[in-house]
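All chains should be built: construct the whole structure from the sequences, respecting the hints.
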Amino acid sequence: MKPILKGILWAVIGFTGGAGLLTLVRLALGMSLWDLEPAISVGYIFGLTGWLLGVGVWDYWARAWFGLPLKKFEANGLSRYFSFNLDHKVIGLQYLAVFFFMLLTGGLFAMLMRLELMRPGREFMDPAVYNQIMSLHGIFMIAVAVAVIIGSFGNYIVPLMIGADDMAFPRLNALSFWLTPLVPLLLLSSLFFGGWDSGWTAYAPLSVTNRTGQLFYNLAFMTLGLSSIVGAVNFLTTVLTKRAPGLTWGRLPIFVWSIIATAILSLLATNFIFVVLLLATLERIAGMAFFNQAGGGNPILYQHLFWFYSHPAVYVMALPGLGVVLEVIAHFSRKPLFAYKWPVAGFLGITAL
268 MKPILKGILW
278 AVIGFTGGAG
288 LLTLVRLALG
298 MSLWDLEPAI
308 SVGYIFGLTG
318 WLLGVGVWDY
328 WARAWFGLPL
338 KKFEANGLSR
348 YFSFNLDHKV
358 IGLQYLAVFF
368 FMLLTGGLFA
378 MLMRLELMRP
388 GREFMDPAVY
398 NQIMSLHGIF
408 MIAVAVAVII
418 GSFGNYIVPL
428 MIGADDMAFP
438 RLNALSFWLT
448 PLVPLLLLSS
458 LFFGGWDSGW
468 TAYAPLSVTN
478 RTGQLFYNLA
488 FMTLGLSSIV
498 GAVNFLTTVL
508 TKRAPGLTWG
518 RLPIFVWSII
528 ATAILSLLAT
538 NFIFVVLLLA
548 TLERIAGMAF
558 FNQAGGGNPI
568 LYQHLFWFYS
578 HPAVYVMALP
588 GLGVVLEVIA
598 HFSRKPLFAY
608 KWPVAGFLGI
618 TAL
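Read in order, the letters of the sequence shown are residues 268 to 620 in this note's numbering.
Treat the hints with caution; some may be incorrect.
[Stated by the list, open to error] Think about it this way: if two alpha-carbon atoms lie no more than 25 angstroms apart in a straight line, the pair counts; the simulated DSS-like pairs of lysine-lysine are:
hint	residue 1	residue 2
1	Lys273	Lys338
2	Lys338	Lys356
3	Lys356	Lys269
4	Lys338	Lys269
5	Lys608	Lys509
6	Lys509	Lys356
Hints are computed from structural coordinates only; laboratory data are not their basis.
No experiment lies behind these values; they were computed from the predicted model shown.
Rendered as structure tokens:
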């Protein structure tokens with residue numbers, strides 16, 4: 268737990284420093300001393316950096332950038348799962364634990380919704396709170412569906428299937444995981460800032476004019492997107508460069524093909540959701556008008572950019588599951604996968620479309 272406590276401490280220091288720096292800049296420009304949402308946004312950037320450095324990036328990676336010796340990794344037993352571990356198996360189980368927690372939390376929100384709807388009339392949630400719970404349930408389940416298989420099973424199994432000793436970039440792999448615990452933390456924290464009731468799609472202009480809790484959704488989804496992009500680069504590089512001798516493309520396990528297709532989609536499509544949420548955040552904190560029609564913006568632009576990601580995201584959710592099914596059936600029937608080339612062509616065809 269020591270790396271996590273260190274990460275929290277560095278995150279608090281980074282957040283405080285970032286928010287304080289913004290306050291000084293606003294003061295120098297003659298603006299009002301404090302504005303909550305810009306302070307949260309800038310503070311989060313510094314806090315995220317502090318979290319990553321504190322949890323292990325500094326000790327096991329960044330020290331070498333400045334000519335300092337890297338610390339020796341000494342964690343073992345259960346402590347491995349609470350540290351900046353470079354083992355792909357440990358990282359796979361770390362992903363599984365975080366997304367299992369998110370699955371249970373999203374399921375709890377679903378049960379709260381069911382309890383409210385059991386009888387006519389209001390039970391214990393007013394309409395505004397119900398919409399907030401519905402929105403949280405949606406994004407928790409979407410996050411689990413998008414990343415749980417490629418994050419957990421992909422990290423654990425793909426290197427073993429291709430005969431690699433680890434992922435191509437072990438430190439980058441660990442970094443991509445340690446971004447993910449912040450996602451449920453940010454989403455749950457939104458409840459203390461008024462929540463948000465825009466649904467998981469967060470369409471503008473509601474997401475631009477909503478309460479401060481909406482900002483936490485934006486930051487959480489952008490963080491998850493950044494983790495997905497980094498992970499996709501790692502998977503593609505691993506399969507391209509670390510296959511065992513003799514493991515040609517025509518002999519790759521079908522599950523690996525599904526991960527390749529998913530990684531390509533994640534790498535190409537996730538940028539759109541990151542950009543559109545960044546634009547929505549800038550409209551909230553910097554007075555820009557990307558989606559405000561009165562200011563010359565276009566609210567439909569949000570939908571166009573959002574669905575450039577969210578339509579491929581359907582296949583980011585589905586393809587790893589199809590790969591698992593095909594791999595399991597072939598393995599337990601003890602027969603080669605029938606018409607192997609056609610599922611591969613299907614995965615690549617879906618990716619191209």
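Exercise. Hey, lysine 356 versus lysine 269, does the alpha-carbon distance stay inside 25 angstroms?
Worked result: Since the Cα atoms of lysine 356 and lysine 269 sit roughly 21 angstroms apart, the hinted pair holds (cutoff 25 angstroms).
Exercise. Straight-line Cα separation of lysine 338 and lysine 269 no greater than 25 angstroms?
Worked result: Judged against 25 angstroms, a Cα distance of about 15 angstroms means the pair holds.
Exercise. Is the straight-line distance between the alpha-carbon of lysine 338 and that of lysine 356 25 angstroms or less?
Worked result: holds, 21 angstroms
Exercise. Lysine 509 and lysine 356: Cα distance at most 25 angstroms?
Worked result: holds, 16 angstroms
Problem set entry | Proposed proximity, lysine 509 with lysine 608 (alpha carbon, max 25 angstroms) | holds, 22 angstroms
Exercise. Given the hint that lysine 273 pairs with lysine 338, does the C-alpha gap stay at or below 25 angstroms?
Worked result: holds, 15 angstroms
Checked against the numbered hints above, the structure breaks none of them.
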